Every structure is written in C-alpha cells, then in structure tokens.
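There are 2 protein chains.
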Amino acid sequence: MKIRNPRTGVYDYEIAQLSSEELTLKLQNLRQAQDLWKTTTLPNRIEALNAWLAALQEEKDELIEALSIDTGAIRESTWEVEMVGNLIAQFRDNATRFFEINQGSYISDTLDVTHQFEPYPLVGVISAWRLPFFSPLIDAIPALLAGCAVVVKPSELTPRFVEVVTKTLAPIPLLASVFTFLAGDKHLGQQLSESVDLVCFKGSQENGKRISETVSQRFIPAFLQLQGKNAVIVTEQADIERASSAIVWGSVFNAGQTHHAIERIYVHRNAYPLFLSRLVGKANLLNLAFPTINSGEIAPIISEKQVAIIDEQLRDATSKGGTIIAGSQACELKQGGYYCQATVLTNVNHQMKIMKEPTFAPILAVMVFQTIEEAITLANDSLFGLEGAVFAGSDEEAMEIAQKMNCGAVSINDTALTVITQRGINNFSKQSGLGTGNFEENSVGRFLKQKTYLRNKNTEKSSWWFR
Amino acid sequence: MKIRNPRTGVYDYEIAQLSSEELTLKLQNLRQAQDLWKTTTLPNRIEALNAWLAALQEEKDELIEALSIDTGAIRESTWEVEMVGNLIAQFRDNATRFFEINQGSYISDTLDVTHQFEPYPLVGVISAWRLPFFSPLIDAIPALLAGCAVVVKPSELTPRFVEVVTKTLAPIPLLASVFTFLAGDKHLGQQLSESVDLVCFKGSQENGKRISETVSQRFIPAFLQLQGKNAVIVTEQADIERASSAIVWGSVFNAGQTHHAIERIYVHRNAYPLFLSRLVGKANLLNLAFPTINSGEIAPIISEKQVAIIDEQLRDATSKGGTIIAGSQACELKQGGYYCQATVLTNVNHQMKIMKEPTFAPILAVMVFQTIEEAITLANDSLFGLEGAVFAGSDEEAMEIAQKMNCGAVSINDTALTVITQRGINNFSKQSGLGTGNFEENSVGRFLKQKTYLRNKNTEKSSWWFR
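So the sequences go chain by chain: F and A. Mind the numbering: the first sequence is residues 10 to 476 in the numbering used here, read in order. Mind the numbering: the second sequence is residues 10 to 476 in the numbering used here, read in order.
The set of hints was computed from the structure by calculation and includes no laboratory data. Please note: incorrect hints may appear among the correct ones.
When chains are identical, the list treats them as one kind, so a pair holds in a single copy or across two.
[Stated by the list, open to error] With a Cα cut of at most 27 Å, we get these calculated DSSO-like pairs of lysine-lysine:
hint, residue 1, residue 2
1, K362, K466
2, K69, K11
3, K35, K413
4, K413, K47
5, K439, K47
6, K439, K195
Please read these numbers as outputs of a predicted model, since none were measured by experiment.
Sequences are here, hints too, so could you generate the full structure?
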C-alpha cells in the first residue's frame, strides 16, 4: 500500500501488509510475553517506560523527522515527541494512586471479600492521523502500567513514524515484548478488533460503528473517541482579547486537525463587533507552513479525503449566505500539498454543513446570539458532544454556562485545555463516542478486570439445606 | 400475548403489548420526571426507596402470590421479596460512600479540574425469568440512587408480578414517576435498547448479542450478564461433608435456574467415592414442590423451551456413556408442569453438551480429576466465565486454586456466595458478558457520567500564539 506525502502529494512510502499468519504469530507472542509483564511490579513497569523515554531522546531527531513527513508539520511533531515524558509521569502518578486506593479487600462481619485486579491481556489501540504518535499513547501508556500488552495501529495515512518507534523500543526487550506498533489499513484494524481483549479506538463515527459492532459480538470493552463539533460561547462580559487569542489557537492549532479543536463560535451580539475584528486581526497574522515546513504556523491538511469535505463545507456555507471575511475560499493546492488559511466565516447558521459536520480545518465560523439561553441551545444543537469552551465575565459565570453544555469536558475561559494539559475526557455525549475514564486514576483502572473472591465467615448464614 | 403457568401448563395470563406511541409517551414522561429526580438529594432518594420498601411490606402477600404463579415457586418468591430491604440498605451504603469519595475536584499547581457526576437520564433494565423481581433490582436500585430514571422489562415468561409492583409504587409519586415496570416481549426489549441511555441486560448469549449490537451503534454503555457454566473444584483435602452440602444447595436451589448455579463438579479421585455417596444421599433427601407448591424444595422448570434443552442434554450425556445415578432421566410432566429431581450424573466428559452448554436445571454432573492442574484446565475449558467455587483443605489452599480459575467471582469453601450475600460480580470472562461493577461503590458509579471542567490557573502555560 502506497502512502501519500501531505506536503508533496507524492506517494513516496509503502507499507507492507501483514499476512494473517504473521499477525496471528505477533499477537500470540504479545500474549505470551504479557504473562511475564503482568507479574512485574509497577515500579518495574515505570522503569521500563522511563528507559523507553531515554531511548526516544536518543532517536528524537529521527522520530520528529518521520512524524513531520507523516503529518507535514514540524512544530506539532516536535510537541508530540516532547510531551511523552509528561504523559509517562502523569500516568505513573495515576497508576500509583490507583493501586494505593484499590487495595482490593472488603471485610464485613459476615463476609470476607477480596478483589484481584487482572489486566486485560492484550489491548488494541486503533488510532487516527491527528497527532499520530501522542494520541495512541494516552491509551497505551496506562494500559502498559496496568500490566496489559498493547498493540497500536496508527492510521494508514501516517505510518512512517512506526519504524523509528520500533527502533526506540528495541533496547528495552521487556517493554518491546509487550508493546508494538503495526502499520496497516482498516483491514488490520478490523482484524485487531476481532482478536484483542479490549479496544481503544479514535477516529470517525463510521469506522467507530464498524469496530463497535465487531466487539459487541465478543462482549469485550471498547473505548471509542469519535469526532466532535466543539462549540465555544463568548458572553457580553468576556475578556475579548483573551477569548479571541485562545479561540484562534483552539481552532487553528495543528490546522484544526484534532478532536479538541473549536469548530463553532457563538458570540453575544454586543461583543461581536470587537470580537470579530480581533479574531480577523489575529487570524491574518498567522501564515501557512509553506514553502518550507518551518515557514508558518499552519500545517497542511493531512487527509486528501478531508480536503474534499472542507471544500464542500465552505461551498455549502457561502452558497447559503455565509461570508468568508479572512482566509481561504477553499483548500489551496501548493506544490502537491493542500493548505487552508486561518479562515473566518460569518453569517453562518445551523442549516449549513459547516455548523453540523466535523470539519478538521483551521476555520473560525462565528455566529451571533442574543441571550445565554439561545447560546446554550445553539451549542447543544449538535449530534456531537466531545468538548467545549466558555468565555464569560468570571470563572463562576463561565462555570454556570458550562454546566448546561452537553459534552464531556469544558474549558473555562480558555480553549482545549484537555490537550494542553494532556488530560483526557472521561465521558462523551451523543455521537462522540463511548468512554469511561482516561482521567486520573481511571486511566489505569479501565484496563483492569476485577475478579472477586468471597468467603463466608459466618457459615451459619449459608443457605444450605444440610450442614 | 398469552403466558403459560409453569405449574399447570395453562396459558392463564395475558399481557397487553404497548403501542409504539404509548411506549414513547411513557419514556418521555420518565425522562421529564428525571429532571426533578436528579436534583433531589441522595437522602431524599433513599427516603423514597424506604417508603417503597414499606409499601412492599403492605402488599407482600399479594406480591409473593403473583411471583409464585410466575415462577411456580413459593420459597424463592418469598426470598425475592424479603431480600429487597437488604438490597436497598447495601446500595444505600455504597452510594453514600461513592459520593463521599468522589467529591469530584482535582487541583494542581497549574490546573483546576472539577468533575460533575451526571446520571444517565434513562436506564433500561432488561431482565430474565430467573428470580424475576430480585434480579433487576440489583441494577435498578443503584441506578435510582445515582439519579437515573429506570424502566424494567422482566422476561415475558414472568410478567404477573408487574401489576402488584406497580401498585406498590403508586403511594410514592416521586419514585413512581421515575421507576416503572413494563411487561412485554423481546420486541419491547429491542425498543428499549433503541431508546434508553444505558442498558442492563440479563439473559441468553443470543439475546445479549442482539441487544449489544443495537447499543453498539448508539455508543451507549451496556452491562450484559449472560449465561455461565459454573464449575466447582473439590480437592482431596476438602471437607466432604461441607462440600457436598454446599454443592447440593448451589446446584439445586431455585431448581438450578440462576446464573449462580453450579453446573460442573470436578472432584479429586481420592475424594470421589465419599463425595459421591454424600452427594447422592443428600440429593435423594430433596423433594419436588409437587403436588402442592409447598410440598418440597425443587420448583418446576419455568421455561418450556428450557425443558427441551435439559432433556436433550441428558439424552446426549447418557448416549455418550454418562450414568444417571439419582434423580430424573428426563424432565417429568406432572399436571401440566415440568419438574426435574436433584439429578446426579457421573461418567461425564467434555464431549457432552451437559458439560459445555448452560443447563439451568438441578443437575449435579460429577467428573473425576487426578491433579489440581487437570482440575483447573477442566474448569477453564469453557466458553463461559461467570463464577465458580473451590473446596480445599484450607481457605488459603482454595484461594490459590481460585486465582487460576478464569471467571468473575469465586466462592471459597462455599457455593454461590454472590447470591447469598446479594453481591454482584464486577467483571465476567469470555462469553459470560460484559460488565464493570455492580460491586460496592461501583454499583452506583457505573450509572454516572463524569463531566470535566478545566481551568488553567497559570495562563502563561496556555499555548496561544497571542496574549
């Protein structure tokens, strides 16, 4: 399978498909190695991950290089690699606390109950092309700390980094035996969902439904983080300078290609004129990362399929009265890569696809509201419920509005704090998926099965017919 | 739809099917009432459940009467009603502790994170004909305490008690507005799985797969407790008197018609002769609850469909060398009801259906083993993994074996402690379903969504391009 380079449009990389036999053997080996891994102590697992972190440092340049070809973006690729240390430290603390709290024993007068936590042997992390290295680690690291073996399948659009990551794991045989990255397409994702013991999936609703249906017949847990259409509400009292800065960042970082991106902006009519002028001013200061990868802030659009969706959404919006007052009329083809400027769109409404369907582009679609109730209704008028943001006169005022937003997480007077702080979201709403807990202690707990042992201390209470 | 009486075989009861419009209206009303219920305090919810408990006491005789026609069993029906107080008390404590532990706030130097627990608005409990009143309450009561509205659909084989339960709810309008029992068939179960926000299902693998597939496309949580083929291991050092008493009870109570029943018995060859003689002796002391409902310990087989399965399993076993040394050669038809004696079967092996497929009958199938390793292999040689039991020379020795059994819960030197102590199982293995936590605090936590609010205390750390 040939893979397109998002900056040149050239199909300059190839991934070999594993045969069924090769895959079966790889998964068997992972399961076998997990027998040992699950008996290692948490400190030993942490040590192995820290050793990997050191190995990542060694290969840092090469890893960033591979990722930046996969994604066409250098800053984001650097960020992905630099954040791994934070992730490991955070999940290390979560895991330590989880096992401290859950000593797993409950004793009453009559009953002696012991819990034993058993890691799901093999976890499959099927991931997306947005932050392709960092994103699967949010599942993979806590799963490893829990004692699972983990196989990661990144999107077929961004497979180049797999070779380098594999090289970084080699010096830590214990970790390498239970942690592997496999390049492959949807078919491999499907095979994994038919074989592993727990699935973490990030991607589209369509693929999510397919994976979800497969695992539903196997009675195994699945955590599905799907697309969103994240809204921000800006009230009359909000700090407009702060709001416009945070929203430009929240919409445009990684060219809008994350689940955390703001895609709908609702502004009070009295704040609208000033907000719009600051938004346009700031958007216009941002540049495409073209002609070189170091040129500007806005990376190319990774997925060619997504280019067509973005163009159709812009066309649909303008044909229905939307006005593009800054940025691109459509994705711009430059030397084989597709780019979209930080684009400000006004006069939008909920009849337009751009306010209803996931866009994954640096597009700032702004709509005016008159009352907070109206703003909340608009924000909640969506099939999705991943995350959101509110800017108001105070944190308290923002919290009050945030509580009425139907989504998994809300940033208060800021945007996308989930990604900045490398925190996950515990639950999603509506079509945005199904998940319980990649937050704090849950991050590890969700990879552990709880087996229960019961002993009746008072045998008189047993309901036998005979003694 | 006409419903068969398990003691007479007469179709003497009819359930009216709700129209789609009636159902939609009922669910709408539940959702609307939940708006208020979720804002009531936990003590108020507990008070409402205690008021219901008092109302149940008032109608106790009538409720037991209805249940005993549904199930053909008087002792078990009495037990089901008498245990409700324990259930409420236990889940009350769990809920109180859950909300104490989860104050929902996490604060670091840079980040201020608040969690808010939101009950899933409407929970659907789709239940089975085994312990038809008690069994759905293991889900319904914690869901109500979490602040959800709950609709229970019992099996279409056991709908008579619904009328009486509905009557007991009437004096507590607040509770009645968010808690309803609806009689109906599989079609109603399917409709519920298409409408509610969380599903608890108990029943067969086949129906579980159907429900699971439906909810997989809606990205809502489902807890599925399916069938098992529970094994017990009896070692050479076990107290044979104790083991045989507990196993007769664990296999025969409720005529083997529960998910907790022991269906496979593995005994060390040196213990076998004494164990078998004690088992046969005790089995032969038990009598059918015939001619009257008060006559003996062994109630009729509730499901006519199951009668055919039991007979086929007995036929298959004896045709392959199995020997029935006590009890029934096949289900016995008596005045329209089907009965099966406490039946001891020897010379069985894993080629026989009776050692592989769920039976739900008071059948004690005994197999000899030579080494503990062999016993564990046999116990784990099953598509199912609900629960199990071990009898050994000491609790410690039993624990060691229990840890190697692949299932959700193990009773130590006892059987079915999960049902005796009204504790659920947190996780199941293999084809026995998917569930996390109707145990202790989890019992309530699994009905709550966690919504996260994030505030960056250190705005310098925000990754905006502009200040």
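Original post:
What label fits K362 with K466 when the C-alpha limit is 27 Å: within, between, both, or neither?
Top reply: neither (63 Å within a copy, 36 Å between copies)
Original post:
For the identical chains here, do K35 and K413 meet the 27 Å Cα criterion within one copy, between copies, both, or neither?
Top reply: between (47 Å within a copy, 25 Å between copies)
**OP:** Tell me, please, which holds for K439 and K195 at an alpha-carbon limit of 27 Å: within, between, both or neither?
**Re:** Classified as both: same-chain Cα gap 24 Å, cross-chain 25 Å, threshold 27 Å.
Original post:
Within a copy, between copies, both or neither: where do K439 and K47 come within 27 Å Cα-Cα?
Top reply: Only across copies: K439 and K47 sit 19 Å apart there, 35 Å inside one copy, limit 27 Å.
**OP:** Pop the pair K69 and K11 into one bin, within, between, both or neither, using alpha-carbon distances up to 27 Å.
**Re:** For K69 and K11, only the intra-copy Cα distance (25 Å) is at most 27 Å; the inter-copy one is 71 Å.
Original post:
Is it within a copy, between copies, both, or neither that the alpha carbon of K413 lies no farther than 27 Å from that of K47?
Top reply: between (42 Å within a copy, 14 Å between copies)
In summary, the one numbered hint that this structure violates is 1.
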